[in-house]
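Asks: The lines below spell out each chain.
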Amino acid sequence: MTDTLADHADAGLRRGEPLIEMTGIGKSYGAIRALRGINLRVNAGEVTCVLGDNGAGKSTLIKIMSGLHPHNEGSLKVDGKELTFASPREALDHGIATVYQDLAVVSLMEVWRNFFLGSELTAGRFPLAGMKIKDMKRIADEELRKMGIVVKDINQPIGTLSGGQRQCVAIARAVYFGARVLILDEPTAALGVKQSGVVLKYTAAARDAGLGVVFITHNPHHAYLVGDHFIILKLGGTALDKNRSEVGLDELTTQMAGGDELTELSHELGR
Amino acid sequence: MTLSRIRGARLVAVAAVLALGLTACSDGGRQETTDNSGGGGNAPGSSGYTIAMITHETPGDTFWDKIKSGAQQAAKDEGVTLKYSNDPDASKQAVLIQNAVDSKVNGIATTLVTPDALAGSVKAATDAKIPVVGLNAGIDQYQKLGALMYFGSDETVAGTSAGERIAAAGAKHPLCVIHQAGSVSLEARCAGAKSAAPGTENIQVNGADDSSVTSTLQAKLAQDKSIDYIITLGAPIALDALKAKDAAGSSAKVVTFDLNAEIAQQVQDGKVEFSIDQQPYVQGYLAVSSLYLYLKNGNDIGGGKPVLTGPSFVDKTNIDKILPFTKTNTR
Amino acid sequence: MTHVQTSPPSTAPPSDSANRVTLGLSNRILARPEVGALVAAILIFVFFLVSAPAFRSGESFFTVLYQSSTIGIVAVGVGLLMIGGEFDLSAGVITTTAGLVNSMVCWYFGMNLWVGAILSLVFCLFIGFVNGFLVMKTGIPSFLITLGTFFVLQGANLGVTKLVTGSVSSADISQIDGFASLQKIFSSSFKIGPVTVWITVIWWILFVALAAWILQRTRTGNWIYAVGGNPDSARAVGVPVIRTKIGLFMTVSFLGWFIGMHTLYRFNTLQAGNGVGNEFLYIIAAVVGGTLLTGGYGNAIGVAIGAFIFGMTSLGIVYAGWDPNWFKAFLGVMLLLAVLVNLYVKRMSTARKVG
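Protein sequence lines, in the order shown, are assigned to chains E, R and B. Going by my numbering, the first sequence opens with residue 1, and the numbers climb by one from there. Going by my numbering, the second sequence opens with residue 1, and the numbers climb by one from there. Going by my numbering, the third sequence opens with residue 1, and the numbers climb by one from there.
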């Protein structure tokens, strides 16, 4: 069924082909070194999971990839070309779309306005040109439907949708507007089990459509359901960097829970 | 949208610069005048006295400007260093008086609009042997507070004489326009007018917004067609009242307190019946001069009684003489 | 509260549109931000119709419209800005600044008033730009930045006027070239039967219509809602947040300039201390009109109704011939009522929608 998602995905995507390559990426905010020596590859048709505790450097990593903050160490290659993003717009122009945990959508705005936000269809280029509202509503409705999301009324504020639905709309929007790399920031963090399932299905669907997906989470169970490659961040550095074949859920869970530190702690507490 | 607007703004700026070159010298602007205050005047501070003037001026009122001009001219004429400060808030005015005491000025002139709030600071001044004179407001309390002299007008008297004059002219239902909420002196003027012309009704307007004043008065005139006189308590409000009167098609006559160049012109044109002037310039001038004379010679102006600077009526009979002075900010 | 059935991707044949539920017309109308204000406006209107005989005439109605327009024109801009999530406390005082710049430049240099009007416009847009630029670059709340601008302008209005004219009111400019034509644009009036229609009322309607169009129908409007509702998310999808917000600040100062021009060309002279306090009237109009204080919600028609409620209340008391000392108290009660009715209607509409 993923064909509907695949319909819109870039046909030029070849599975396994590297989309983003980061080598030795680091970022300092003044005297604080938030991130150092990160190597990360995002391949087409694969899900790269980035796990880590709060403050491990996950959000800094996202900001670098999505163009909010430029990196100041190492190299970032997109499609083999080395570059530094100056703005989110630039990252979007390279097909890198980010769906943030709480910030995915503007909740007071209608579903269709959200769907087209930043990529509105207008009748002309001048600032007061009307939007093609009918087309926008129709397309938003059709696209969401094709991707299996049926909203009651395309005119309702997106805030009245459930959390999972909002994430899905945001993902669908990114795919429709030609994202090749999808960065999902804690998409399941605030969701219940059922809603999480919906989002995970979409994540898988995007992967199957050939997109490169970066799945950021602190939940190893969710990560293991969809991931092809796992990176665990700790205090700004890499604590684990393995393919699915090299790592099991148990190891992921232990590492996430604190790994060696946890073992040490259990010795100290000695019960 | 912004970008195009910025570009537009640039274009406009260029056009404006071009136009500036083209249209310099339009009629009706500032008249190039030579300084006519020449002649008199000593170097500031040449008499060695420093006098502080503290008022409750709300910034931006032409009335206070004249008090200040008068005080400045007196300071210039007598070689006094003038320190002017103001705050409409009573407690802050009290602090300003205390500041003057602390900086050991030779004399203090202050308005006494809120006598109770200022009593403490004025006492501090008299305790420090600094002579204090009152001006503009506080005619009933200045002696009790320990001020030596007073220059101003009695608001109730001024209101009453205005009321008497319009009542004599046949006023049945005057409208008294209060442009500042809760002002004692404005209320006193209207109360005075009412005592002489019992049909007087008050109305409250927002004096900080001319269009609001105009439409409020227009509404009032439409609501009550029997209004035959409008008493405004400030010169700018009188101009608004004229607009409102025209818009409402009312035949009410306009009289006003205070004077400025535009009102003087309206008086001459017969649009404003008369203006009750309390001569703020004189208040400022005398306050400083009296302190100077007191410090220098021990003179006492007014002989223990308040010196009234008004009400002075400005109407068709004397406007020709007064009009030129309104343009130099001295009347 | 799920309004949505999610068909899992693997089983979803595109469902036909019969499957979709459209909200009833009444619900959709009630959910609009201006409806609460409209109901309040009608109630107040009827109230004054009943209690103030002088209110019941075309002339009175248009006087109310004039009063509303002088607040409403700037309020449109302030409303847009508030939807965009920012405040502008300098909006009241900038009207006086605009008039003073025009008046004094022309009077002092003896220039055509048109030149001064354009210079004044450039200056006001610059102030708006500075407001926006500082807010966006420093991240300090606009409340504080524009409070600063407010004081700067208030002081400069007085100081510069005193320096230039030697007094704290500007000189009469009615004899300077260009006065007649500018007066036609900014403050003329015409008669329809016995009714005087001020041109500001026409301008007000035009500005409201334009703002409504921009908000509902253009990309810019979409961006305004987005930067007010969730700037981070807007930024993430490529909306130029900084440009949009600076543009909004400049829109406010443009409309402030416009009202400044009206006041100048209607009254010929300006008191340098005027305009202070009106910034709150603009904000009140916007809030009464259903604009959310926190941004992201509201519309232009609502703001216009808010301004109309203000104009109607402030003059209605006069038409009713009540003791003027109670003016502010009446005004406050009316505004509170308007806000409450607004809130009630909004609650009712959401409640129905959920149930």
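Hints are computed from structural coordinates only; laboratory data are not their basis. Keep in mind that this is a model prediction, so the values were computed, not measured. Idealized CB from N, CA, C, for every residue including glycine. Fair warning: there could be bad hints in the mix.
To be verified - Examples of chain E residues toward chain B, derived with CB under 8 Å:
id, residue
1, 98
2, 105
3, 109
4, 129
Claimed, not checked - Cross-link-like lysine to aspartate or glutamate pairs, in silico, DMTMM-like; alpha carbons within 20 Å at most:
id, chain 1, residue 1, chain 2, residue 2
5, E, 77, E, 246
6, R, 253, R, 224
7, R, 123, R, 89
8, B, 191, R, 246
9, R, 243, B, 232
10, E, 81, E, 21
11, R, 305, R, 140
12, B, 137, B, 232
13, R, 253, R, 228
14, B, 184, R, 201
15, R, 271, R, 320
16, R, 271, B, 232
17, R, 194, R, 246
18, E, 63, B, 59
19, E, 63, E, 21
20, R, 144, R, 300
21, R, 225, B, 59
22, E, 132, E, 143
23, B, 162, R, 87
24, R, 194, R, 224
25, R, 253, R, 315
26, E, 234, E, 73
27, R, 243, B, 172
28, B, 328, R, 315
29, E, 134, E, 120
30, B, 328, R, 201
31, E, 63, E, 82
32, E, 137, E, 153
33, R, 327, B, 172
34, E, 132, E, 120
To be verified - Far from chain B by the CB rule (all over 10 Å, computed), these chain E residues:
id, residue
35, 66
36, 120
37, 221
Asks: Would you check the hint for residue 81 of chain E and residue 21 of chain E, treating anything up to 20 Å between C-alpha atoms as holding?
Replies: Within the cut-off at roughly 9 Å; holds.
Asks: For the pair we were handed, residue 63 of chain E and residue 21 of chain E, check the Cα-Cα distance against 20 Å.
Replies: Judged against 20 Å, a Cα distance of about 15 Å means the pair holds.
Asks: Within 20 Å, alpha carbon to alpha carbon, are residue 194 of chain R and residue 224 of chain R?
Replies: Given that 20 Å is the threshold and the Cα spacing comes to 18 Å, the pair holds.
Asks: Under the criterion of a CB-CB separation shorter than 8 Å, is residue 105 of chain E in contact with chain B as hinted?
Replies: Given a least distance of 6 Å, the restraint on residue 105 of chain E holds.
Asks: Take the C-alpha atoms of residue 63 of chain E and residue 82 of chain E, compute the straight-line distance between them, and say whether it is at most 20 Å.
Replies: The given pair, whose Cα atoms are some 17 Å apart, holds under the 20 Å limit.
Asks: Quick one, are residue 253 of chain R and residue 224 of chain R close enough, alpha carbons at most 20 Å?
Replies: holds, 14 Å
Asks: What's the verdict on residue 253 of chain R and residue 228 of chain R, does the C-alpha distance respect the 20 Å limit or exceed it?
Replies: At roughly 6 Å apart (the allowed maximum being 20 Å), residue 228 of chain R and residue 253 of chain R satisfy the hint.
Asks: Can you confirm whether the C-alpha distance between residue 123 of chain R and residue 89 of chain R stays at or below 20 Å?
Replies: Roughly 19 Å separates the two Cα atoms, so the pair holds.
Asks: Starting from residue 305 of chain R, check that the Cα of residue 140 of chain R is at most 20 Å away, please.
Replies: With a Cα-Cα distance of about 10 Å, the restraint between residue 305 of chain R and residue 140 of chain R holds, given a limit of 20 Å.
Asks: Since residue 66 of chain E was said not to touch the interface, does its Cβ keep a gap of more than 10 Å from each Cβ of chain B?
Replies: violated, 7 Å
Asks: Does the alpha-carbon distance linking residue 137 of chain E and residue 153 of chain E stay inside the 20 Å limit?
Replies: holds, 10 Å
Asks: Given the hinted pair residue 234 of chain E and residue 73 of chain E, is their alpha-carbon gap at most 20 Å?
Replies: holds, 18 Å
The structure is inconsistent with the numbered hints 5, 9, 14, 16, 17, 18, 28, 35, 36, although it conforms to all the rest.
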